[in-house]
Amino acid sequence: MMNLDSTVTVAVKKFGAEREQLLPVLQYVVSKEKWLSEDTLAEVARVFDMSAAEVYGVASFYSFLDTEARGEYVIRVCRTISCDMSGKEAIMEALQKTLRISVGETSSDRKFTLLETNCIGWCAEGPAMLVNDEAYTNLTPEKVVEVLQGYMNRT
Amino acid sequence: MKSGDKSKRLKEFEEKVNLIFRETDCVEVLKKALRGDPRAIIKEIIDSGLRGRGGAGFPTGIKWKGAAEAAGGNKCVICNADEGEPGTFKDRRILDEQPDKVIAGMGICARAIGATEGYIYLRGEYTFLFSKLSAKCEAWNAIFKEKGLNFRTSVRSGSGAYVCGEETALFESMEGNRGEPRNKPPFPVTIGYSNLPTVINNVETLAYTTMIISDGPESFKSIGTKDSMGGKVFSVSGDASVKGVFELPLGMTLQEFVDLFGDSDTKAVQVGGSSGTCVPRKNFADTIIGFEGVPTGGSMMLFNSSRSMYHVLKNYLEFFEEESCGQCTPCRVGCQQLLKGIEAIRSGERPLSYLERLRDLARVMSIASKCGLGQSLANPFNSITQHFREEICY
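Keeping their order, the protein sequence lines are chains A and B. Using the working numbering, the letters of the first sequence correspond one by one to residues 1 to 155. Using the working numbering, the letters of the second sequence correspond one by one to residues 1001 to 1394.
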């Protein structure tokens, strides 16, 4: 039988609808859908008995709780100083060239979103990036293309 | 120094401490803590001289004492694993390799202050550690129960906001709000998470408390200096000959540090991450790494002479401009204006003397900002513009 529950419903069943569970619920939805649509925010607001504006206010504070449409794989390249010094720019070029999108954009097949992010805690092994929750370090332009290929081949 | 001599010396330094990554029976340490009086635990932590390892350096034992004496039945222990300071990654490795030491430290703290609930607030960037840490918490919850300690821990996740490493912003985030810092006082030991008396400690601090209970305060005190007792876990990055996580005694001079880690062309070291101080080569010999000199949460970023300090400063300012929570005006507007200001000097739109006005602005931010983010920006801004003034315009 098909499961007709929305992601928000599933999240609320898992965590509850107490105010302190707001972040866990939003994080859960983002882990499944990659972003928070207006409908999602409105649904969360209803369940938590909050105004939609307040839910949006909380969500938009956190850079990982995206309120814009994102692809299946969200790539976040670290732009902070240690990664920057170890060649982050070349990584960005390789990613943009391979994906044919610029920073902030999502590929037309909705598979990849390319973003830059602040320090992700791999400073000794930069350049580094996250693809969803997975960290990739000691990147080179060649290595980053290989990583992308791996994701492109996933169905 | 030759590279062979260097690694030998580095090993000698590391062996002087060797606490955080040493294999330890943490259940035995917990049992030891549970046998004694809670006040005895606090006394040992105070006697050890341990100060917070997240950067601010507040005496850990005094914090625990404050929470123990606070009124209220329900109390809380939080492990601050929102490691977001640029150049810092030691907590990631501690959580990955020594989670038992950290969670045992939370249990010891719970016993000392009478806490019943505990949380690890893990930064969103480290989500790959979430399930492993949750399983560890469950395992420890069973141990706590078996040993008669009424205390439960779990993991909560951040979502990519640097300011949530500030303790009261972290509480706000855990309560389901925007991570905007609160006014202090009241301090967390009286009113913290969910208005409960709360001890919030850095990952490394909690791991050290386990080792202090294990080995005794005297042994911890024997490492380091009078003002900076014990070891410290450093995160070394940038133009370094060896990079990574190293546990060293506090109180070394920056020259000793650069001799171990530098690439023989080090022109500056950023001590304490982008909110810390930039020390130029001429001051290496006179700068002590510790609370009597330059304190650090462990981030050590080395820059050699090929680096533009304008570029470094601009990278920091872009970071702060984005991470400022926007709640208070000095920080929100100040971060933007400092960034715009150095860009204007660089492009020739403003004279180099405009730097004085920017330095004043940074000083105003350090007085008028609500939390450490805006307050500490004067550290990098004023140290870089003082020591590398000419690099800002050329």
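Calculated from the structure, these hints are not laboratory results. Incorrect hints may appear among the rest.
What follows is a set of in silico ranges between Cβ atoms, one per label pair, in the way DEER data are often shown [as the list claims (entries may be wrong)]:
hint: 1; chain 1: B; residue 1: Lys1016; chain 2: A; residue 2: Ala52; range: 23 to 29 Å
hint: 2; chain 1: B; residue 1: Glu1028; chain 2: A; residue 2: Lys14; range: 33 to 39 Å
hint: 3; chain 1: A; residue 1: Glu72; chain 2: B; residue 2: Lys1282; range: 49 to 55 Å
hint: 4; chain 1: A; residue 1: Arg110; chain 2: B; residue 2: Ser1131; range: 41 to 47 Å
hint: 5; chain 1: B; residue 1: Ser1131; chain 2: A; residue 2: Gly150; range: 19 to 25 Å
hint: 6; chain 1: A; residue 1: Met152; chain 2: B; residue 2: Gly1244; range: 31 to 37 Å
hint: 7; chain 1: B; residue 1: Glu1218; chain 2: A; residue 2: Lys97; range: 35 to 41 Å
hint: 8; chain 1: A; residue 1: Glu142; chain 2: B; residue 2: Asn1304; range: 23 to 29 Å
hint: 9; chain 1: B; residue 1: Ser1305; chain 2: A; residue 2: Asp39; range: 51 to 57 Å
hint: 10; chain 1: B; residue 1: Pro1185; chain 2: A; residue 2: Glu72; range: 28 to 34 Å
hint: 11; chain 1: B; residue 1: Lys1340; chain 2: A; residue 2: Arg110; range: 34 to 40 Å
If the Cβ cut is set under 10 Å, some of the chain A residues that face chain B in the computed set are [unchecked claim]:
hint: 12; residue: Glu18
hint: 13; residue: Leu23
hint: 14; residue: Glu43
hint: 15; residue: Val47
hint: 16; residue: Ser51
hint: 17; residue: Ala53
hint: 18; residue: Ala59
hint: 19; residue: Ser60
hint: 20; residue: Thr80
hint: 21; residue: Thr117
hint: 22; residue: Gly121
hint: 23; residue: Trp122
hint: 24; residue: Glu134
hint: 25; residue: Ala135
Straight-line distance between alpha carbons at most 25 Å, and here's what the computed SDA-like set of lysine to any residue pairs gives [as the list claims (entries may be wrong)]:
hint: 26; chain 1: B; residue 1: Lys1340; chain 2: A; residue 2: Ser31
hint: 27; chain 1: B; residue 1: Lys1136; chain 2: A; residue 2: Ser31
hint: 28; chain 1: B; residue 1: Lys1243; chain 2: A; residue 2: Ser107
hint: 29; chain 1: B; residue 1: Lys1132; chain 2: A; residue 2: Val103
Here a beta-carbon is modelled for each residue, glycine too, at the ideal position from N, C-alpha and C.
Checked hints:
no.: 1; hint: B/Lys1016 to A/Ala52: 23 to 29 Å; in the structure: violated, 57 Å
no.: 2; hint: B/Glu1028 to A/Lys14: 33 to 39 Å; in the structure: holds, 36 Å
no.: 3; hint: A/Glu72 to B/Lys1282: 49 to 55 Å; in the structure: holds, 52 Å
no.: 4; hint: A/Arg110 to B/Ser1131: 41 to 47 Å; in the structure: violated, 27 Å
no.: 5; hint: B/Ser1131 to A/Gly150: 19 to 25 Å; in the structure: holds, 22 Å
no.: 6; hint: A/Met152 to B/Gly1244: 31 to 37 Å; in the structure: holds, 32 Å
no.: 7; hint: B/Glu1218 to A/Lys97: 35 to 41 Å; in the structure: violated, 60 Å
no.: 8; hint: A/Glu142 to B/Asn1304: 23 to 29 Å; in the structure: holds, 26 Å
no.: 9; hint: B/Ser1305 to A/Asp39: 51 to 57 Å; in the structure: holds, 55 Å
no.: 10; hint: B/Pro1185 to A/Glu72: 28 to 34 Å; in the structure: violated, 47 Å
no.: 11; hint: B/Lys1340 to A/Arg110: 34 to 40 Å; in the structure: holds, 36 Å
no.: 12; hint: Glu18; in the structure: holds, 8 Å
no.: 13; hint: Leu23; in the structure: holds, 6 Å
no.: 14; hint: Glu43; in the structure: violated, 16 Å
no.: 15; hint: Val47; in the structure: violated, 13 Å
no.: 16; hint: Ser51; in the structure: violated, 14 Å
no.: 17; hint: Ala53; in the structure: violated, 12 Å
no.: 18; hint: Ala59; in the structure: holds, 9 Å
no.: 19; hint: Ser60; in the structure: holds, 9 Å
no.: 20; hint: Thr80; in the structure: holds, 5 Å
no.: 21; hint: Thr117; in the structure: holds, 7 Å
no.: 22; hint: Gly121; in the structure: holds, 4 Å
no.: 23; hint: Trp122; in the structure: holds, 6 Å
no.: 24; hint: Glu134; in the structure: holds, 6 Å
no.: 25; hint: Ala135; in the structure: holds, 6 Å
no.: 26; hint: B/Lys1340 to A/Ser31; in the structure: violated, 36 Å
no.: 27; hint: B/Lys1136 to A/Ser31; in the structure: holds, 22 Å
no.: 28; hint: B/Lys1243 to A/Ser107; in the structure: violated, 36 Å
no.: 29; hint: B/Lys1132 to A/Val103; in the structure: violated, 32 Å
Checked against the numbered hints given earlier, the structure breaks hints 1, 4, 7, 10, 14, 15, 16, 17, 26, 28 and 29 and satisfies all the rest.
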